[in-house]
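Sequences and hints are given; from them, build the entire structure.
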Amino acid sequence: MMDIKRVGILGAGKVGIVLADLALRAGYEVRISGSGSVEKIDLTIKTLVPGAIASENSDVVANSDIIILAIPLSRYKNIDPELLSGKLVIDAMNYWWETDGIREEVLNPESTSSEQVQDYFKNSTIVKTFNHMGYHNLQEEAHPEGDPKRKALFVTGDNKEAVDEVAKFVNTMGFDQVIHYNIADGIMTEPGSPLFGASLRLNELRRVIDNFDHTEFGRKIAASKKNA
Amino acid sequence: MVDVDKLEFGIETFGDIVANEDGSLKSAAESIRQIVHEGELADKYGIDVIGVGEHHRPDYSVSSPETVLATIAGKTNNIKLATAVTVLSSDDPVRVYERFATLDGLSNGRAQVMLGRGSFTESFPLFGYDLTDYDDLFNEKLKLYDLLRTEKPVTWSGKFRASLENQEVYPKTEHGELETYIGIGGSPESIIRAARFGYKVIIAIIGGQADRFKPYINLYHEAAKRLEMPEFPVAVHSHGFIADDEDEAIEVAYKNIKANFDRIGLTRGWAPMSREQFDEETKVGSFYVGNPEKVAQRMARTIDLLGLGRFDLVYGAGNQTAAQRERMIELYATKVIPRVKEILREKEASK
Chain A
1 MMDIKRVGIL
11 GAGKVGIVLA
21 DLALRAGYEV
31 RISGSGSVEK
41 IDLTIKTLVP
51 GAIASENSDV
61 VANSDIIILA
71 IPLSRYKNID
81 PELLSGKLVI
91 DAMNYWWETD
101 GIREEVLNPE
111 STSSEQVQDY
121 FKNSTIVKTF
131 NHMGYHNLQE
141 EAHPEGDPKR
151 KALFVTGDNK
161 EAVDEVAKFV
171 NTMGFDQVIH
181 YNIADGIMTE
191 PGSPLFGASL
201 RLNELRRVID
211 NFDHTEFGRK
221 IAASKKNA
Chain B
1 MVDVDKLEFG
11 IETFGDIVAN
21 EDGSLKSAAE
31 SIRQIVHEGE
41 LADKYGIDVI
51 GVGEHHRPDY
61 SVSSPETVLA
71 TIAGKTNNIK
81 LATAVTVLSS
91 DDPVRVYERF
101 ATLDGLSNGR
111 AQVMLGRGSF
121 TESFPLFGYD
131 LTDYDDLFNE
141 KLKLYDLLRT
151 EKPVTWSGKF
161 RASLENQEVY
171 PKTEHGELET
181 YIGIGGSPES
191 IIRAARFGYK
201 VIIAIIGGQA
211 DRFKPYINLY
221 HEAAKRLEMP
231 EFPVAVHSHG
241 FIADDEDEAI
251 EVAYKNIKAN
261 FDRIGLTRGW
271 APMSREQFDE
281 ETKVGSFYVG
291 NPEKVAQRMA
301 RTIDLLGLGR
311 FDLVYGAGNQ
321 TAAQRERMIE
331 LYATKVIPRV
341 KEILREKEAS
351 K
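From first to last, the protein sequence lines are chains A and B.
No gaps in the numbering here: position 43 of the first sequence is 43 in the numbering used here, and each next residue is one more.
No gaps in the numbering here: position 253 of the second sequence is 253 in the numbering used here, and each next residue is one more.
Worth double-checking, as some hints may not be accurate.
Claimed, not checked - Each computed DSSO-like pair below joins lysine-lysine, with the alpha-carbon atoms no more than 27 Å apart:
id	chain 1	residue 1	chain 2	residue 2
1	B	214	B	159
2	B	143	A	14
3	B	283	A	14
4	B	159	A	77
5	A	14	B	258
6	A	149	B	143
7	A	149	B	255
8	A	40	B	283
9	B	225	A	46
10	A	46	B	214
11	A	40	B	294
12	B	283	B	255
Claimed, not checked - If we take Cβ atoms under 8 Å as the criterion, some of the chain A residues that face chain B in the derived model are:
id	residue
13	47
14	51
15	191
16	197
For the record, the hints were derived by calculation from the structure and aren't laboratory data.
Every residue, glycine too, gets a C-beta built ideally from N, C-alpha and C.
Here it is, written out as structure tokens:
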């Protein structure tokens with residue numbers, strides 16, 4: 001197991017800023033980049049998350065133990081897959097038609113968004129998390145372990161060791177975890193799922209996930225798999 | 001610091017369909033006339049601004065807010081007439097300017113433009129725009145609007161609209177300028193953009209604690225300083241419902257705000273609102289729900305904490321009855337606003 005001390009965030013929008021804030025509070029060294037120059041996000045970072053280091057993508061990746069992708073899903077291919085080669089990467093993205101546009105133009109409808117992200121960053125290990133709770137819930141509801149008000153996040157990916165590592169990281173960021181070892185299960189957090197936008201405690205989240213196949217969304221997914 | 005004498009209070013409606021007492025729904029036409037009546041009431045009670053939203057959906061009655069505002073203009077004397085918001089991305093800035101300049105003439109200078117990218121996107125396919133151009137559309141159209149706002153001949157070219165070569169746009173306003181806000185959902189980029197254009201800012205705080213916007217308001221002021229642009233006190237808008245009785249207020253708001261949220265969630269893919277979520281929003285979040293004292297206390301706290309210059313309460317969410325909406329406006333104007341000012345004056349005095 002690696003020792004995560006430095007967190008790199010690609011994306012300085014609402015979600016990137018919230019995750020930077022949580023990571024700083026958890027004691028990590030935080031680097032963050034936006035889509036443009038460092039100057040473009042410098043004021044934002046200094047004002048909203050003082051202590052985080054505004055930087056270029058390459059510097060963020062080179063100097064971080066874990067990378068969080070917090071950009072609009074429609075733009076993940078703007079990042080060179082080689083840049084993230086060999087890295088442990090959290091996919092905090094989700095399809096959101098209002099910023100991403102028409103789904104068929106952004107994603108292959110035959111598979112889940114995280115599978116496509118993993119296929120594109122083929123030399124990186126992708127773990128999906130931080131993507132079903134609203135960003136303001138993430139910001140307000142991070143609590144230390146054992147706090148009765150603590151909420152839980154879904155963590156999933158194909159690489160068991162990486163998923164466990166990310167689950168530990170999620171724990172330090174202030175959330176309980178429901179863990180799966182199947183990146184395709186990331187579908188459970190996509191829009192239309194009862195998990196999407198949900199801010200739940202561990203037991204409630206586990207119950208929703210365990211009952212996923214019985215939800216309308218879950219049945220639709222199962223039906224489309226059968227037809228495929 | 002909050003300047004209580006200059007503090008403004010507004011109401012905003014998104015044009016939700018009004019319910020009859022038996023729970024059946026009024027028509028869109030009746031709902032529009034109800035808004036006009038509410039505009040008159042708000043003016044009579046001395047509320048500073050009424051904002052009317054723009055939607056292109058069956059569950060909202062207003063797609064052409066300036067037309068509704070023009071009717072309110074003819075029946076009122078003092079209230080400012082705003083949109084909440086005008087979806088500039090899918091509109092033509094020249095038409096936007098013309099409509100507001102006309103409203104400004106009709107209302108004797110009371111028109112107020114509120115521009116936004118729009119949190120609903122139905123207008124994009126309707127007017128032939130591509131959602132993937134979301135940011136570019138707003139940036140480009142804002143630049144053109146900014147030129148038009150000078151009321152001088154405009155030379156301009158861009159991607160999404162025919163070029164303009166030394167064109168004048170009419171009518172000119174009486175006072176040479178349209179008061180303009182940019183409505184912001186809270187992305188850092190939007191805040192800096194508003195500062196760059198030197199426009200006033202209204203932030204939609206529609207979920208979670210208002211406290212988290214404090215750094216964003218600092219960002220607006222820092223950006224304005226750095227860009228050497230004018231700084232204005234920031235405005236916010238949030239949902240609310242007021243009734244004489246606390247429990248009644250909570251039940252009416254829960255039923256209607258939840259129904260509204262869940263209905264929108266169906267098309268946007270988010271899970272239904274839980275009672276716990278609603279309660280949290282009314283206790284420490286961004287729903288201002290309760291009896292007048294409770295709402296006044298919470299509003300005063302937010303205004304003080306964020307150093308605001310204006311607070312707009314979004315009313316009528318879901319299918320409330322005309323009586324519920326009208327009583328809310330009356331209580332807001334006659335009980336809540338004076339009490340908020342009183343609390344803030346006490347706070348200032350004790351500082």
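Each hint tested on the structure:
Taking the CA atoms of residue 214 of chain B and residue 159 of chain B, the gap is near 36 Å; set against the 27 Å cutoff, the hint is violated. With a CA separation close to 24 Å, the supplied pair residue 143 of chain B and residue 14 of chain A stays within the 27 Å bound. Straight-line distance between C-alpha atoms of residue 283 of chain B and residue 14 of chain A comes to about 24 Å, which keeps the hinted pair within the 27 Å bound. Distance hint between residue 159 of chain B and residue 77 of chain A is fulfilled; the C-alpha atoms sit about 24 Å from each other, no more than 27 Å.
Annotation: proposed proximity of residue 14 of chain A to residue 258 of chain B holds, straight-line Cα distance about 25 Å (limit 27 Å). Only pairs whose Cα atoms come within 27 Å are accepted, and residue 149 of chain A paired with residue 143 of chain B is rejected, the gap being roughly 46 Å. In summary, the hint linking residue 149 of chain A to residue 255 of chain B is supported, as the alpha carbons are separated by about 25 Å, within the 27 Å threshold. Only pairs whose Cα atoms come within 27 Å are accepted, and residue 40 of chain A paired with residue 283 of chain B is rejected, the gap being roughly 37 Å.
For the hint pairing residue 225 of chain B with residue 46 of chain A, the CA-to-CA distance comes to about 14 Å; that is within 27 Å, so the pair holds. Under the criterion of a C-alpha separation no larger than 27 Å, the hint pairing residue 46 of chain A with residue 214 of chain B is consistent with the structure, at around 14 Å. The hinted pair formed by residue 40 of chain A and residue 294 of chain B fails the criterion: a straight-line CA distance of about 42 Å is larger than 27 Å. At roughly 17 Å between alpha-carbon atoms, residue 283 of chain B and residue 255 of chain B fall within 27 Å of each other, so this suggested pair holds.
Evaluation of the residue 47 of chain A hint against chain B yields a held restraint, the C-beta minimum of about 4 Å falling below 8 Å. With its C-beta approaching chain B no nearer than about 13 Å, residue 51 of chain A sits outside the 8 Å limit, and its interface hint is violated. Interface hint status for residue 191 of chain A: upheld, as the beta-carbon distance to the closest one in chain B is roughly 3 Å, under 8 Å. Given hint, residue 197 of chain A at the interface with chain B, holds; its Cβ is 3 Å from that chain's nearest Cβ, closer than 8 Å.
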